[in-house]
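Please put together the full structure from these sequences, using the hints given.
Top to bottom, those sequences are chains A and B.
Going by this note's numbering, the first sequence opens with residue 1, and the numbers climb by one from there.
Going by this note's numbering, the second sequence opens with residue 312, and the numbers climb by one from there.
One or more of the hints may lead you astray.
Simulated DEER-style distance windows between Cβ atoms [what the hints assert, rightly or not]:
no.: 1; chain 1: B; residue 1: Asp569; chain 2: A; residue 2: Gly170; range: 22 to 32 Å
no.: 2; chain 1: B; residue 1: Phe619; chain 2: A; residue 2: Val77; range: 50 to 60 Å
no.: 3; chain 1: B; residue 1: Pro488; chain 2: A; residue 2: Arg307; range: 53 to 63 Å
no.: 4; chain 1: A; residue 1: Ala249; chain 2: B; residue 2: Glu679; range: 27 to 37 Å
no.: 5; chain 1: A; residue 1: Gly54; chain 2: B; residue 2: Glu679; range: 38 to 48 Å
no.: 6; chain 1: A; residue 1: Phe64; chain 2: B; residue 2: Ile671; range: 32 to 42 Å
Some chain A residues close to chain B (C-beta under 10 Å, calculated; not the full set) [what the hints assert, rightly or not]:
no.: 7; residue: Pro32
no.: 8; residue: Ala146
no.: 9; residue: Val151
no.: 10; residue: Thr238
If you are wondering where the hints come from, they were derived from the structure by calculation, not from laboratory data.
Backbone N, C-alpha and C define an ideal beta-carbon position, used for all residues, glycine too.
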Amino acid sequence: MRFILQRMGQGLIVILAALTLAFILMFVIGDPVTMITGAEASRDQAERLREQLGFNRPLVVQYFEFMLGAVQGDFGVSYRHQQPVLPLLWERLSRSAEIAVPALLLALLVSIPAGIVSALRRNSAIDYTARVTALVGQAAPNFWVAIMMIVLFANILGWLPSSGRETDGGLWKQISHMILPIIALALLPMAYLTRMMRSTMLEVINEDYIRTARAKGAPVPRVVYIHALRNAMIPYVTITALQIGNLIAGSMVVESVFAWPGMGRLLMDSIRTLDIPVVAAGLSFVAALFVVLNLIADICYVLLDPRVGKS
Amino acid sequence: MKHVTLTATLAAGLALGGLSAAYAQTTVTYIVNERADILGDPPRNVVFAEQYISKAMFEPLVFDFDGRTGESGIRPALATHWEIIDDNTWHFFLREGVTFHNGEPFNAEAVKFSIERHLDPDFPSTDKFRDVPITEVNVIDDYTVEFVTDTPVPILPQRLSRNGAFIMAPGHYADLPLDEAAVSPVGTGPYKLEEFRRDDRVIMTKNEDWWGWDENSNIDRLVIRMIPELSTAFSEVMAGNADIVRITPDLADVVEADPNVDLVVAPTLVRAVTIFNLDMYPELQDPRVRVALNLAIDREAMVDAFAFGQHELISTTLINPPHEHPDLEPYPYDPDRARELLAEAGYPDGFRIDTIDVMIPDSFEYSEAVAQFWGQIGVEVGEVRRLESSVMRERWAARTLSVASFAWSAAENTPETDAWAVHDDRQTNSTHWVREDFLDAYREITQTVDPERREELNRKMQEILYEDPPWVYLYLVPAAYAVSNRIEGYNPHPSLLVEDWGSLYVSE
Numbered sequence: 001m002r003f004i005l006q007r008m009g010q011g012l013i014v015i016l017a018a019l020t021l022a023f024i025l026m027f028v029i030g031d032p033v034t035m036i037t038g039a040e041a042s043r044d045q046a047e048r049l050r051e052q053l054g055f056n057r058p059l060v061v062q063y064f065e066f067m068l069g070a071v072q073g074d075f076g077v078s079y080r081h082q083q084p085v086l087p088l089l090w091e092r093l094s095r096s097a098e099i100a101v102p103a104l105l106l107a108l109l110v111s112i113p114a115g116i117v118s119a120l121r122r123n124s125a126i127d128y129t130a131r132v133t134a135l136v137g138q139a140a141p142n143f144w145v146a147i148m149m150i151v152l153f154a155n156i157l158g159w160l161p162s163s164g165r166e167t168d169g170g171l172w173k174q175i176s177h178m179i180l181p182i183i184a185l186a187l188l189p190m191a192y193l194t195r196m197m198r199s200t201m202l203e204v205i206n207e208d209y210i211r212t213a214r215a216k217g218a219p220v221p222r223v224v225y226i227h228a229l230r231n232a233m234i235p236y237v238t239i240t241a242l243q244i245g246n247l248i249a250g251s252m253v254v255e256s257v258f259a260w261p262g263m264g265r266l267l268m269d270s271i272r273t274l275d276i277p278v279v280a281a282g283l284s285f286v287a288a289l290f291v292v293l294n295l296i297a298d299i300c301y302v303l304l305d306p307r308v309g310k311s
Numbered sequence: 312m313k314h315v316t317l318t319a320t321l322a323a324g325l326a327l328g329g330l331s332a333a334y335a336q337t338t339v340t341y342i343v344n345e346r347a348d349i350l351g352d353p354p355r356n357v358v359f360a361e362q363y364i365s366k367a368m369f370e371p372l373v374f375d376f377d378g379r380t381g382e383s384g385i386r387p388a389l390a391t392h393w394e395i396i397d398d399n400t401w402h403f404f405l406r407e408g409v410t411f412h413n414g415e416p417f418n419a420e421a422v423k424f425s426i427e428r429h430l431d432p433d434f435p436s437t438d439k440f441r442d443v444p445i446t447e448v449n450v451i452d453d454y455t456v457e458f459v460t461d462t463p464v465p466i467l468p469q470r471l472s473r474n475g476a477f478i479m480a481p482g483h484y485a486d487l488p489l490d491e492a493a494v495s496p497v498g499t500g501p502y503k504l505e506e507f508r509r510d511d512r513v514i515m516t517k518n519e520d521w522w523g524w525d526e527n528s529n530i531d532r533l534v535i536r537m538i539p540e541l542s543t544a545f546s547e548v549m550a551g552n553a554d555i556v557r558i559t560p561d562l563a564d565v566v567e568a569d570p571n572v573d574l575v576v577a578p579t580l581v582r583a584v585t586i587f588n589l590d591m592y593p594e595l596q597d598p599r600v601r602v603a604l605n606l607a608i609d610r611e612a613m614v615d616a617f618a619f620g621q622h623e624l625i626s627t628t629l630i631n632p633p634h635e636h637p638d639l640e641p642y643p644y645d646p647d648r649a650r651e652l653l654a655e656a657g658y659p660d661g662f663r664i665d666t667i668d669v670m671i672p673d674s675f676e677y678s679e680a681v682a683q684f685w686g687q688i689g690v691e692v693g694e695v696r697r698l699e700s701s702v703m704r705e706r707w708a709a710r711t712l713s714v715a716s717f718a719w720s721a722a723e724n725t726p727e728t729d730a731w732a733v734h735d736d737r738q739t740n741s742t743h744w745v746r747e748d749f750l751d752a753y754r755e756i757t758q759t760v761d762p763e764r765r766e767e768l769n770r771k772m773q774e775i776l777y778e779d780p781p782w783v784y785l786y787l788v789p790a791a792y793a794v795s796n797r798i799e800g801y802n803p804h805p806s807l808l809v810e811d812w813g814s815l816y817v818s819e
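Following this line, the structure appears as structure tokens:
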């Protein structure tokens, strides 16, 4: 329990630091006024707006106001949308989840068996195939893979639509729009997790207790799935939690390429247009999500390996 | 959890899914590369995509383009004609029998409401229309409206053609909160809103009662999709899932090779320029140096390389046709004379410009060409540097861009809006070029209604801009589009800010 509280405290500090960073980055980098007024505005107009938005006040004042609002969940009003920021994020979050959650599941469903088989049949054809595929999956940038998938599956073969999110039409039509984004998003975590599974599994099956289990005549599947897998899962769970970070980063690119109306694309757009409240809220949200997932991974860790909590 | 909405009607599904040939044929899909958020409140439009969408559902009193012929120039829209009563007073006579999408009648009250709503000091808009010194909008009768201005506004019709003056239904908007107004469009335009899917698409259906339809019109549904990535958008058109997208010149060959898609190349008012910064480089304070840098450029070669070889697009100054000075010719390509001028100015060995800053990829290409041409007369450019757009904006605001290239476009096609680009009062102008006689002429033309005097002032401004150039004028950038070959009547608006949606139709 003390362990979990300690982790939560650390998480809180990380979130506050992320908020501060969001504030600093946005104020150092750009001038949203030009964005809002457009290039044609006069100097007077720009100055008036700067005053209206409060940008002419001391930075310290702006910072405390921002932090005070942020910890209460109030990030202000989007410059572009003229509406409170949080509902904007929530709306898109569910759409991002539509592709991110299946992508994560896909990555898990493929990487666990592929990693196990690859480890057990070390240096076999299956192992080589899995390793090379994982290596390529990890090395190829996702925007390139995404565009290549559009060219192949949408343009040349014509099997799947190339972009957009469909809410009309039959179930297949809606799902068909999700397939390419899900695969594009899943590739990197899938590759990474497969390699992780393979290497931890290799480590575990050479441990003494596995040899003991085998020696005493336990059936192979039991050895693999009960003795080995459970221990191999410990580092795998942590890495999975970290891969969710990859998924969020990947969604910025993938959602832009596939014109998927999710949070990644909103953040990407908001950074480009210097919609500071949205970017700040988005960054803070991502940081919070990351902290929470890590916390969950830590709890899983305790459950999988009781030594961790006691030490 | 996965969450899929299954609430749509079968009919809509068939139409959008393209499963029904009859429906599919009369749906036209246009792709924009930006996110549109405000489609129900034209004065608050910020990005191009929003302006495109607004123009499909709203109308101004007058418009500046005919999509059927591709001709520019002010023409009637919701006003059929207008009269200048005196320097500060105009009467506009309105089209009768027009109704808004919700059934409200269009009349002088609606014009008064829309204009006054936008000009209210508390209204949250930074649209240029707010600078127009309109002091009164008076209803003379149901179909006559009077504009009174504080000072003369000779380009009032042009000003009224823009989004800031689109006419909105008073009954609908009078008490509507702004966040609802943003997504609840009620205008008089050729299309009305069917569905808005945020970040994804706007689906509009034909307004059967629109006054402007002709015998060709056969489009039932206009869909504007928002796809940020060009390669994705392009593949949608090439795959037949969408009809029109603006493309970059490098894709033109692919389009021409495809029998189902046409390449449309259209003139625009977007000007490729390289701007100077007189503060940053003292050498540039001498006009002879800036003329030399203009003479060093082979514009014909550049147009061949970057603008589909359309030599008529080469710029003389920064005032767009049809207001160009009749007696001025574009700077010739004359590197010898350029070297002489540099020597006269005291730089026989040239000098160094550290960077040319660019923001969009297209300007990167032509800036490298500019850098090479300058190199040939001894002006060495250290680097053509691509700036991230937020950094570019920051320097714009601080007026600290180095020598820089971008595509400049003035929204209204008038001498004064074109010339505003180099006016020292413009907040994003990092040229630091100030000529009192230019500012005087500028001040006067914005107050002069008399067409002859206006033309004199227009020419005077251009003569100054020619002998003492604040920029390197290159050429007007043509826009290229991939257009499904079933689309007819597509002439892109040269401002690239709107389209004349009513002119589109689909071939059988």
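Hint check:
| no. | hint | verdict |
| --- | --- | --- |
| 1 | B:Asp569 with A:Gly170: 22 to 32 Å | holds (30 Å) |
| 2 | B:Phe619 with A:Val77: 50 to 60 Å | violated (44 Å) |
| 3 | B:Pro488 with A:Arg307: 53 to 63 Å | holds (58 Å) |
| 4 | A:Ala249 with B:Glu679: 27 to 37 Å | holds (32 Å) |
| 5 | A:Gly54 with B:Glu679: 38 to 48 Å | holds (41 Å) |
| 6 | A:Phe64 with B:Ile671: 32 to 42 Å | holds (38 Å) |
| 7 | Pro32 | holds (8 Å) |
| 8 | Ala146 | holds (8 Å) |
| 9 | Val151 | holds (7 Å) |
| 10 | Thr238 | violated (24 Å) |
In the structure shown, a violation is registered for the earlier hints numbered 2, 10, in ascending order.
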